[in-house]
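There are 2 protein chains.
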Amino acid sequence: MALTGNAIIAQSGGPTAVINNSVCGAVEEWLRSGADLGTIYAGVSGIKGILQGNIIDLAQQDQKKIAALRYTPGAGIFSCRYKVTDDDQLRIVDIFRKLNIRYFFYNGGNDSMDTAHKTYLAAKECGWDMRIIGIPKTIDNDLPFTDHCPGYGSAAKYIAVTVRETGIDLESVSTKNKVTILEAMGRDAGWLTAAGALARRYDDEAPHLIYLPEVPFSKSKFIGDVEKVYKQLGYCYVIVSEGIVNEEGEYCFAGGTIDDFGHAQLSGVGESLKSLVEQELGVKARCNTMGTTQRSAMHFASAVDANEAYLVGTNAVKYALADKSGVMVTLERILDNPYSFGLGEVELAKVANIAKKLPLEWINDDHNYVTQEFIKYARPLIEGQLSLPFKNGLPDYVRLDLSKGKVILD
Amino acid sequence: MALTGNAIIAQSGGPTAVINNSVCGAVEEWLRSGADLGTIYAGVSGIKGILQGNIIDLAQQDQKKIAALRYTPGAGIFSCRYKVTDDDQLRIVDIFRKLNIRYFFYNGGNDSMDTAHKTYLAAKECGWDMRIIGIPKTIDNDLPFTDHCPGYGSAAKYIAVTVRETGIDLESVSTKNKVTILEAMGRDAGWLTAAGALARRYDDEAPHLIYLPEVPFSKSKFIGDVEKVYKQLGYCYVIVSEGIVNEEGEYCFAGGTIDDFGHAQLSGVGESLKSLVEQELGVKARCNTMGTTQRSAMHFASAVDANEAYLVGTNAVKYALADKSGVMVTLERILDNPYSFGLGEVELAKVANIAKKLPLEWINDDHNYVTQEFIKYARPLIEGQLSLPFKNGLPDYVRLDLSKGKVILD
Numbered sequence: 000m001a002l003t004g005n006a007i008i009a010q011s012g013g014p015t016a017v018i019n020n021s022v023c024g025a026v027e028e029w030l031r032s033g034a035d036l037g038t039i040y041a042g043v044s045g046i047k048g049i050l051q052g053n054i055i056d057l058a059q060q061d062q063k064k065i066a067a068l069r070y071t072p073g074a075g076i077f078s079c080r081y082k083v084t085d086d087d088q089l090r091i092v093d094i095f096r097k098l099n100i101r102y103f104f105y106n107g108g109n110d111s112m113d114t115a116h117k118t119y120l121a122a123k124e125c126g127w128d129m130r131i132i133g134i135p136k137t138i139d140n141d142l143p144f145t146d147h148c149p150g151y152g153s154a155a156k157y158i159a160v161t162v163r164e165t166g167i168d169l170e171s172v173s174t175k176n177k178v179t180i181l182e183a184m185g186r187d188a189g190w191l192t193a194a195g196a197l198a199r200r201y202d203d204e205a206p207h208l209i210y211l212p213e214v215p216f217s218k219s220k221f222i223g224d225v226e227k228v229y230k231q232l233g234y235c236y237v238i239v240s241e242g243i244v245n246e247e248g249e250y251c252f253a254g255g256t257i258d259d260f261g262h263a264q265l266s267g268v269g270e271s272l273k274s275l276v277e278q279e280l281g282v283k284a285r286c287n288t289m290g291t292t293q294r295s296a297m298h299f300a301s302a303v304d305a306n307e308a309y310l311v312g313t314n315a316v317k318y319a320l321a322d323k324s325g326v327m328v329t330l331e332r333i334l335d336n337p338y339s340f341g342l343g344e345v346e347l348a349k350v351a352n353i354a355k356k357l358p359l360e361w362i363n364d365d366h367n368y369v370t371q372e373f374i375k376y377a378r379p380l381i382e383g384q385l386s387l388p389f390k391n392g393l394p395d396y397v398r399l400d401l402s403k404g405k406v407i408l409d
Numbered sequence: 000m001a002l003t004g005n006a007i008i009a010q011s012g013g014p015t016a017v018i019n020n021s022v023c024g025a026v027e028e029w030l031r032s033g034a035d036l037g038t039i040y041a042g043v044s045g046i047k048g049i050l051q052g053n054i055i056d057l058a059q060q061d062q063k064k065i066a067a068l069r070y071t072p073g074a075g076i077f078s079c080r081y082k083v084t085d086d087d088q089l090r091i092v093d094i095f096r097k098l099n100i101r102y103f104f105y106n107g108g109n110d111s112m113d114t115a116h117k118t119y120l121a122a123k124e125c126g127w128d129m130r131i132i133g134i135p136k137t138i139d140n141d142l143p144f145t146d147h148c149p150g151y152g153s154a155a156k157y158i159a160v161t162v163r164e165t166g167i168d169l170e171s172v173s174t175k176n177k178v179t180i181l182e183a184m185g186r187d188a189g190w191l192t193a194a195g196a197l198a199r200r201y202d203d204e205a206p207h208l209i210y211l212p213e214v215p216f217s218k219s220k221f222i223g224d225v226e227k228v229y230k231q232l233g234y235c236y237v238i239v240s241e242g243i244v245n246e247e248g249e250y251c252f253a254g255g256t257i258d259d260f261g262h263a264q265l266s267g268v269g270e271s272l273k274s275l276v277e278q279e280l281g282v283k284a285r286c287n288t289m290g291t292t293q294r295s296a297m298h299f300a301s302a303v304d305a306n307e308a309y310l311v312g313t314n315a316v317k318y319a320l321a322d323k324s325g326v327m328v329t330l331e332r333i334l335d336n337p338y339s340f341g342l343g344e345v346e347l348a349k350v351a352n353i354a355k356k357l358p359l360e361w362i363n364d365d366h367n368y369v370t371q372e373f374i375k376y377a378r379p380l381i382e383g384q385l386s387l388p389f390k391n392g393l394p395d396y397v398r399l400d401l402s403k404g405k406v407i408l409d
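Quick note, the sequences are listed as chains H and R, same order. Note that numbering that gives the first Met the number 0 has the first sequence beginning at 0, numbered continuously upward. Note that numbering that gives the first Met the number 0 has the second sequence beginning at 0, numbered continuously upward.
Take the hints with a grain of salt, since some may be wrong.
[Claimed, not checked] Covered by chain H, per the in silico footprint, the following chain R stretches (three or more residues, Cβ under 8 Å):
{"no.": "1", "stretch": "67-80"}
{"no.": "2", "stretch": "298-304"}
{"no.": "3", "stretch": "354-362"}
{"no.": "4", "stretch": "369-382"}
{"no.": "5", "stretch": "385-397"}
The hints are simulated quantities; they were obtained by calculation from the structure and are not laboratory data. C-beta: ideal position from N, C-alpha, C; glycine also.
Chain H extracted, bound-state conformation:
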């Protein structure tokens, strides 16, 4: 028998193009299967919003707008980056008790799964019986125990098309700018950077070189690699992760600032390598920094990814109503071709704070490209395009009214 009470969902960390599919899936599934038990709230701006009592009743939203979240990027119910303290945890359980919240769905990446796990332990300690389920999302694709993460396929698809297009551009213009460097996100794992390899159909097509955080980066080796390609083709396309490290395991280009979770904020890797190429090889280079486009490009999202993001949302609710708790929904691959997958689960305790890296055997011996094994893995995840509603030539994304149905907490 499922517990009687309300549910709450919140989003955390950097959005993905398809993260709102998960919220939509969870809300629609709750309204189908859990509405007799209670309503479903949103914590506006993640766990921080819950702590601040910024909670709204999603059943009061225009449900057409909830449905439209399936094609809207950003974090539809807003997100945060905030590390909860022990005191915070007790306060969260207190708020859950006050609002009779018996179900908590947290949609996020590694740090968020840690938060969900701590909340799970705090609720147990306080004797508040509830179900807590993690809904995975991250363009970084670095959550462990899941074949891949919702959000990755869309970011990978967007990076791949960008590499293909800017690669064709590079190849076709005889100018001085003959080295292009694309900087991709991914602090600790090279999944996103590697995705650029999906662009390449012919031996001489972009990208030519890929540098990942999993293996040490050497500036002199890098210059030698670029020189070799440039001498052969007359141009060279490089993709580099913002998180590349040297032999000592230190970030090559840390910006000096630190976020709330103690992670170094990285930037400037692409620009630094551009200068290096110009100095060492005397060849003009250009740097494209992908920035937040990678995690928001819904206009070129993967249909496979959007569908999976929706299903991890619906399944989180199904798991919770089946009395599961303290787990994250996972995606399990059944077949590469034709691609098929199933849904599974893993304990939050196992997931929290662990970053899954690209397997070393998927990186070539020269440490400057990925192998066909990676391509086999990633290709199915970028399949299919979404059909978006357009208005005035642009996708007509929605905005929820996040002041509607606000809960009054005394």
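Starting from the structure of chain H, add chain R where the hints point.
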């Protein structure tokens, strides 16, 4: 009576997403209407390729690939940035005479129209009767005497969707990075930068501030503007042109290098403003540099733009066969809504080397946004999406075989 002889087409300068539509249009129109007169060659890598005798017979290409140029970015027959000398001009006419080339179509921007005009004068001087037609293209939209330029609509559409998506991302995440700066191309004119305004539907939606090269940029005014928006909304989205100038008309952030045409190479504007915001306001900022994605994003091209790019190509051939010469094809707007246009012409002599700026009356009094007049002008140009052939989750762009049908020049 049209001259009997061959035709040649070449591309110049930075590509646009739809530039190959013009080559496709010209080649298809030639094979329909001019094939009795002779064949149609390509100068591979623009005027530089012609000078170097890198010329191929396009009639020998797989015509399915020529048709597929309609959805392929980059410069399909390669492009160059090269300023021709007087000696070069004589040599070009000499090559035209040797190959009995009576029709020259040059597909480019301001500098290319200057080249086409000089070739026109040189042919006249040498007594070589021929027809020379300029086919406009530039994402910068700065060619005069045409309502707009093929290539602009697609770049504008891509910039607008990027601003809408990264703007929604910025708004929805409660982190320290609360100022986003997007750097757009456009050395002398603000058309592309202004296009970001198409993203905005609500007063508080991104972009909030737009800085154009047409009006002087002041760092202190900029900081004041950002601070005002940030205090009001808690975040701020800025679009800035790489070509902003100070009160003295000097580029604010020139990189120090100069291209073949003597233009300063600009870069680092966005990054410089990001640092300025962080120093002066103590707020974390993020910079997205669009780079060559703006001119190659065929995956999100405007259908209106692609169609027009094709038609200026077909019309160039029609004009030449009707004995017109020394002109560039233009686009003339008939109506904004429903949008309709016609084709016209202007003498190359008038176009060469002139950059059309954004009208000052389309910039607000505060010099930090555009008016509704600009929106009315630009909106029709980003309408419609193309249907691209996909393979393995990505658009299956083509590559011509540029070694096929190579002409032997002794």
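Outcome of the hint check:
| no. | hint | verdict |
| --- | --- | --- |
| 1 | 67-80 | holds (count 9) |
| 2 | 298-304 | holds (count 3) |
| 3 | 354-362 | violated (count 0) |
| 4 | 369-382 | holds (count 3) |
| 5 | 385-397 | holds (count 6) |
The structure fails to meet hint 3 from the earlier list, while all remaining hints are met.
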